[in-house]
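A.B. asks: Input sequences plus hints: build the corresponding full structure.
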Amino acid sequence: MRKVFVLNGPNLNLLGSRELEVYGRDTLDDIADALVTQAKGLGVELDVRQSNHEGHLIDWLHEAARSGAQAVILNAGGFTHTSVALRDAIAAVVTPVIEVHLSNPAARESFRRRSLVSGVCRGTISGFGSLSYSLALDAAARL
Numbered sequence: 018m019r020k021v022f023v024l025n026g027p028n029l030n031l032l033g034s035r036e037l038e039v040y041g042r043d044t045l046d047d048i049a050d051a052l053v054t055q056a057k058g059l060g061v062e063l064d065v066r067q068s069n070h071e072g073h074l075i076d077w078l079h080e081a082a083r084s085g086a087q088a089v090i091l092n093a094g095g096f097t098h099t100s101v102a103l104r105d106a107i108a109a110v111v112t113p114v115i116e117v118h119l120s121n122p123a124a125r126e127s128f129r130r131r132s133l134v135s136g137v138c139r140g141t142i143s144g145f146g147s148l149s150y151s152l153a154l155d156a157a158a159r160l
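All letters in the sequence shown, in the order written, are residues 18 to 160 by the working numbering.
Incorrect hints may appear among the rest.
Computed cross-link-like contacts, DMTMM-like style, restricted to lysine to aspartate or glutamate with a CA-CA straight-line distance of at most 20 Å [as the list claims (entries may be wrong)]:
#1 57 / 46
#2 57 / 155
#3 57 / 47
#4 20 / 62
#5 57 / 126
#6 20 / 155
#7 20 / 50
#8 20 / 46
#9 20 / 80
#10 20 / 64
Distance windows between CB atoms, simulated [to be verified]:
#11 126 / 83: 32 to 42 Å
#12 127 / 60: 38 to 48 Å
#13 127 / 84: 33 to 43 Å
#14 152 / 126: 18 to 28 Å
#15 18 / 131: 31 to 41 Å
#16 19 / 126: 29 to 39 Å
#17 127 / 85: 38 to 48 Å
#18 129 / 72: 21 to 31 Å
#19 84 / 130: 30 to 40 Å
Read the hints as simulated data drawn from the structure, not as lab findings.
Every residue gets a Cβ at the ideal spot worked out from N, C-alpha and C, and that includes glycine.
C.D. replies: Spelled out as structure tokens, the structure:
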């Protein structure tokens, strides 16, 4: 069975209680549950993870590549705008990475408008709330 990793960065464990007007009411568990259901219909196995630590995300990207994963869906959270190390890890793996954001960074504060990871990702889906993940999973299953 094809496998897709869903990697979530810092503070995404607080979804559903954090800045509801920006990120919505869905928790990360709500999003993961919906993705697992969707994945079954697509014939895809999911591995959903979250960490507030940059090194974990980098290690998991390497693991996804070593395991032969079909794709990685990545919401790097704040690391999107700050992490050269995460950008380099994405560039180093052959596994396609799809960047995902719940909000639309281009419509937010100026420091959020620049993504260090976009240029090395296969594509970016943002601004659709939890639907962004669903759209990314559909794209990952078609790669």
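A.B. asks: Taking the hints in turn, state whether each one holds.
C.D. replies: Verification of the supplied hints:
Straight-line distance between C-alpha atoms of residue 57 and residue 46 comes to about 17 Å, which keeps the hinted pair within the 20 Å bound. As the CA atoms of residue 57 and residue 155 are separated by approximately 12 Å, the hinted pair is consistent with the 20 Å bound. For the suggested pair residue 57 and residue 47, the alpha carbons sit about 16 Å apart, so the restraint of at most 20 Å is met. Between residue 20 and residue 62, the direct Cα distance comes to roughly 5 Å. Compliance with the 20 Å bound is thereby established for this hinted pair.
In summary, the hint linking residue 57 to residue 126 is not supported, as the alpha carbons are separated by about 37 Å, beyond the 20 Å threshold. This hinted pair checks out: residue 20 and residue 155 have alpha carbons roughly 13 Å apart, not beyond 20 Å. Of the pairs offered as hints, the one joining residue 20 and residue 50 holds, with about 16 Å between alpha carbons and a cut-off of 20 Å not exceeded. Simply put, residue 20 and residue 46 have alpha-carbon atoms about 19 Å apart, close enough for the 20 Å limit, and the pair holds.
In summary, the hint linking residue 20 to residue 80 is supported, as the alpha carbons are separated by about 12 Å, within the 20 Å threshold. Proposed proximity of residue 20 and residue 64 is supported: the alpha carbons are some 7 Å apart, at most 20 Å. For the hinted restraint 32 to 42 Å between residue 126 and residue 83, the CB-CB distance of approximately 36 Å keeps it satisfied. The hinted window of 38 to 48 Å between residue 127 and residue 60 holds, with their beta carbons roughly 42 Å apart.
The beta-carbon spacing between residue 127 and residue 84, approximately 38 Å, falls within the hinted interval of 33 to 43 Å. At about 24 Å, the beta-carbon gap between residue 152 and residue 126 stays in the expected band of 18 to 28 Å. A hinted range of 31 to 41 Å for the beta carbons of residue 18 and residue 131 is consistent with their spacing of about 37 Å. The given range of 29 to 39 Å is respected by residue 19 and residue 126, whose C-beta atoms sit roughly 37 Å from each other.
The given range of 38 to 48 Å is respected by residue 127 and residue 85, whose C-beta atoms sit roughly 39 Å from each other. Against the hinted window of 21 to 31 Å, the Cβ-Cβ separation of residue 129 and residue 72 comes to about 23 Å, which satisfies the hint. With their beta carbons about 33 Å apart, residue 84 and residue 130 fall inside the hinted range of 30 to 40 Å.
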